[in-house]
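Q: Sequence:
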Amino acid sequence: MADTGARPKEKSSKKPSSLKEDSVSLKNVEAMLKAQLASLTLKKIPISRERDQLLQERAQLQKIVERRDSVETCRLRREIEELKQQLADFDLSDDTRSPPVSDFGLKGSCLDS
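Per my numbering: the sequence shown = residues 20 to 132.
Read the hints as simulated data drawn from the structure, not as lab findings.
Quantities reported herein were computed from a predicted structural model and do not represent experimental measurements.
Even for Gly, the Cβ is constructed at its ideal location relative to N, Cα and C.
Pair ranges (Cβ atoms, derived):
{"#": "1", "residue 1": "Leu56", "residue 2": "Ala78", "range": "35 to 41 Å"}
{"#": "2", "residue 1": "Leu59", "residue 2": "Gln79", "range": "28 to 34 Å"}
{"#": "3", "residue 1": "Glu69", "residue 2": "Glu100", "range": "44 to 50 Å"}
{"#": "4", "residue 1": "Ser44", "residue 2": "Arg68", "range": "39 to 45 Å"}
{"#": "5", "residue 1": "Ser58", "residue 2": "Glu101", "range": "55 to 61 Å"}
{"#": "6", "residue 1": "Leu56", "residue 2": "Cys93", "range": "50 to 56 Å"}
Take these sequences, add in the hints, and give me the full structure.
A: Now the structure itself:
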């Protein structure tokens, strides 16, 4: 017999039906991975739009902080005025050790309400 240089055919260790199942399984895995990749891909938002959204959110948060600070300041001023009034209501004329109660410069719009 002459050597033709052809390689002998390799024997397949799997049955044709098993190969079809593997092919279907690989296609399912590929489809699943493509779906996951699509869900992980970032959506491109124009930078200017994202920047505008961030600026709006910052402005809203800043307003909330300013309102809370204002409310807290007014509450503290009212408490101080109430304490000063309580001190004034006490008869301090007998106690010469008490220093006079001062304004502390706390007059403002919160006290008028």
